[in-house]
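Here's the letter readout for the chains.
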Amino acid sequence: MLAFKLFRFFSGFGLAVTCLVLLLLLTWLSTLEQPAKGLYEVQKRYYDAEAWYVVPELDWLPKINGKPLSIPLPGAYLVSAVLFVNLFLGGIIRIRKGWKNIGVVISHFSMISLLIAGFVSHHYSKEGIMAVYQGDTSDFAQSYTEYTIEVSEMVDGQKTAPYVVQARHLKALGADDSRVFEFPDLGFDIKVSSWMRNSARVKVDQADKGKVPEVDDWSLQWLEVLPTEELNMAGCFVDVLARGEKSKAAQLILHGGDSNACTVTLDGKIYGFSLVREIWPMPFRVHLDKSVGEYYPGTTKPSFFQSDITRIAEGSEKSFRIKMNEPMRYGGYTLYQARWEDRGDRPMSGFAIVKNPSDQWPKYSLYISILGLTIHFGMKLGGFVAKSSKRTKKEPAPDSAKA
Amino acid sequence: MLIPLARAFEHGYCDSMKVPCSRLLCIAVLMVPLLVSCRKTEKVAVTEQRQLTMVDEGRSSFIALMPPEWRQLPATQFRILNYRFGEDGEVFVGRSRGGALPNVNRWLGQFGKPAIEGLDDLPKVKVLGEEGMLVTASGDFGGAMGRPARKNAGLAGVVVTLGDQLLTIKMIGDAEAVAAEQERLIQFSESLRIRDAKSD
Numbered sequence: 001m002l003a004f005k006l007f008r009f010f011s012g013f014g015l016a017v018t019c020l021v022l023l024l025l026l027t028w029l030s031t032l033e034q035p036a037k038g039l040y041e042v043q044k045r046y047y048d049a050e051a052w053y054v055v056p057e058l059d060w061l062p063k064i065n066g067k068p069l070s071i072p073l074p075g076a077y078l079v080s081a082v083l084f085v086n087l088f089l090g091g092i093i094r095i096r097k098g099w100k101n102i103g104v105v106i107s108h109f110s111m112i113s114l115l116i117a118g119f120v121s122h123h124y125s126k127e128g129i130m131a132v133y134q135g136d137t138s139d140f141a142q143s144y145t146e147y148t149i150e151v152s153e154m155v156d157g158q159k160t161a162p163y164v165v166q167a168r169h170l171k172a173l174g175a176d177d178s179r180v181f182e183f184p185d186l187g188f189d190i191k192v193s194s195w196m197r198n199s200a201r202v203k204v205d206q207a208d209k210g211k212v213p214e215v216d217d218w219s220l221q222w223l224e225v226l227p228t229e230e231l232n233m234a235g236c237f238v239d240v241l242a243r244g245e246k247s248k249a250a251q252l253i254l255h256g257g258d259s260n261a262c263t264v265t266l267d268g269k270i271y272g273f274s275l276v277r278e279i280w281p282m283p284f285r286v287h288l289d290k291s292v293g294e295y296y297p298g299t300t301k302p303s304f305f306q307s308d309i310t311r312i313a314e315g316s317e318k319s320f321r322i323k324m325n326e327p328m329r330y331g332g333y334t335l336y337q338a339r340w341e342d343r344g345d346r347p348m349s350g351f352a353i354v355k356n357p358s359d360q361w362p363k364y365s366l367y368i369s370i371l372g373l374t375i376h377f378g379m380k381l382g383g384f385v386a387k388s389s390k391r392t393k394k395e396p397a398p399d400s401a402k403a
Numbered sequence: 001m002l003i004p005l006a007r008a009f010e011h012g013y014c015d016s017m018k019v020p021c022s023r024l025l026c027i028a029v030l031m032v033p034l035l036v037s038c039r040k041t042e043k044v045a046v047t048e049q050r051q052l053t054m055v056d057e058g059r060s061s062f063i064a065l066m067p068p069e070w071r072q073l074p075a076t077q078f079r080i081l082n083y084r085f086g087e088d089g090e091v092f093v094g095r096s097r098g099g100a101l102p103n104v105n106r107w108l109g110q111f112g113k114p115a116i117e118g119l120d121d122l123p124k125v126k127v128l129g130e131e132g133m134l135v136t137a138s139g140d141f142g143g144a145m146g147r148p149a150r151k152n153a154g155l156a157g158v159v160v161t162l163g164d165q166l167l168t169i170k171m172i173g174d175a176e177a178v179a180a181e182q183e184r185l186i187q188f189s190e191s192l193r194i195r196d197a198k199s200d
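Listed in order, the protein sequences are those of chains A and B.
Positions 1 to 403 (our numbering) are the ones given, in order, by the first sequence.
Positions 1 to 200 (our numbering) are the ones given, in order, by the second sequence.
For the record, the hints were derived by calculation from the structure and aren't laboratory data.
Predicted, not measured: the structure shown is a model, and the values here were computed from it.
Backbone N, C-alpha and C fix where the C-beta goes; we use that ideal spot for every residue, glycine too.
Heads up, a few of these hints could be off.
[What the hints assert, rightly or not] Chain B stretches covered by chain A per the calculated footprint, using a threshold of three residues with CB under 8 angstroms from any CB of chain A:
# : region
1 : 42-52
2 : 74-88
[What the hints assert, rightly or not] Just a sample of chain B residues kept apart from chain A, beta carbon distances all over 10 angstroms, derived:
#  : residue
3  : SER96
4  : LEU119
5  : THR136
6  : ASP140
7  : GLY143
8  : LEU162
9  : GLY163
10 : ALA179
11 : GLN187
Whole structure, please, built from the sequences with the hints as guidance.
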């Protein structure tokens, strides 16, 4: 029966070992690739949900006819998904039940919960950085890498709550792709094209003539993508399409390095358009009271840093000291210091902010695992001790026999 | 679906094989779509709005009421505020040093106009509570600061002394277009406000 064979295969020990070996191999290869390709690129290629397979690109791999050997491997996400199914079927369903195996079942459950924590973290966690200068206050974090397009009406020279084109829609665009984004509440649409992951805003005389559009004497130039994704400056062209009209109302260049928005006036209203790293409003404000740190001698790499902050939330203020490995947790957010700089007139603290629903799950999984293994090995030890004492009773010691 | 699972758990693998096997496979198959994130579509409706934060106050130290006829461009190293109007007209706000009169004469020199002796005769514009001078010129622009020379060009600019610095608001473009926009430039200059400090 096919279903039976499939069940045996997916719940089998062989599949578990294969998955674990593949995960080990993928971790090793991705670590080796990371210095050349960068963390972001490697994570995307090896660990993304959409990375069904990966072909390692390493210089030392043997070459065949001058071309590097390409060995496709399944992506880590896919392997983890198969391992999850395998552990569930084999370690929970198929395993022989009974008090003797309860510890093993608990241990398998801990591994499953660890994989679930990874799944939840991969899809639902969010991370950004809040940079605050000493004496300043901030209420937002920004993504390290993800760009969004924000469109907002400008009233009395001030921005109103912006509409946000999410990063996932922009990242999916190739160089020759374009995509229309509709703004039902604003009465116009935009078409985003020529998405550049790394680019420079250049004067038209420096641009590649004819290859990319020119707008108000400016254009964009493609740049090689840098391994450190945070350093890449995205750019794109945006056509503003007034609804009901065939021709575009305006064309704009948006660049990640721009310090303010480009505007277009439609029906007497001024709208601002900007390409920014995703802005993440916080439900609290952080006032940086004091930021202290030290650099390693002769470098700009901090050897030590800590910050005294005041958290302002729900009408109350509370003081904290944040230092290495001592974060502040509030309302599901974890805030830990990740950067420190003292180059200008005031020191700056960079706080990495993470919101991860499964933040503590790996810890709980570990506790479950400890419980399961303790029960299992405790029972084994108990059994061994009991057997030994029985054997001792059956075979009296030579001295007592003599007596 | 959960019943056979529970039964399988209760009875163990051997007893439960007849009932749950196919159903368990169904569960595994059904899980696949959950593990795959959404794919791209051609048109996307954008309705999500983000709440305003301190970053939305902007990096510029000024708040300006831009006329709807202009369009804002990103700031540059020498342009705190940067605008365009019409086909190629430019308006930009910058900081300068060296005194108001030398700067006014430098601007006039770019149009081949003779230098003036003093600023008293220039029309006055109130900018940030200080008295600024309005400078106008037209003719052939000789080119400066990366801009090419052009014929029949116009200039309208406001220079105001703020402490030890100068704030300059300069409009350059086609002579007729600049003349038509001059009133808006004055209103814009008068609307400038200094942004409050971000720190509490």
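Quick rundown of the hints versus the structure:
Three residues within the 8 angstroms Cβ limit are the bar, and the region 42-52 of chain B against chain A gives 11, so the coverage statement holds. Figure legend: the region 74-88 of chain B, annotated as covered by chain A; annotation consistent (4 residues with Cβ-Cβ distances under 8 angstroms, at least 3 required). Residue placement check: SER96 (chain B) keeps its beta carbon more than 10 angstroms from all beta carbons of chain A (closest about 20 angstroms). With a least beta-carbon separation of about 29 angstroms from chain A, LEU119 (chain B) lies farther than 10 angstroms from that chain, consistent with its non-interface assignment.
Distance check for THR136 (chain B) against chain A: the nearest CB is about 24 angstroms away, which clears 10 angstroms, and the non-interface claim stands. Every beta carbon of chain A lies more than 10 angstroms from that of ASP140 (chain B), the smallest distance being close to 20 angstroms; the non-interface claim holds. In this structure GLY143 (chain B) is separated from chain A by more than 10 angstroms, as the shortest Cβ-Cβ distance comes to about 14 angstroms. Taking the minimum C-beta to C-beta distance to chain A, about 19 angstroms, the non-interface status of LEU162 (chain B) holds against the 10 angstroms cut.
With a cut of 10 angstroms on Cβ distances, GLY163 (chain B) stays outside the contact zone with chain A, its closest approach being about 18 angstroms. Listed as outside the interface, ALA179 (chain B) is consistent with that label: its C-beta sits roughly 21 angstroms from the nearest C-beta of chain A, beyond the 10 angstroms cut-off. Under the 10 angstroms C-beta cut-off, the non-interface status given to GLN187 (chain B) relative to chain A holds; the minimum distance is some 13 angstroms.
Checked against the numbered hints above, the structure violates none of them.
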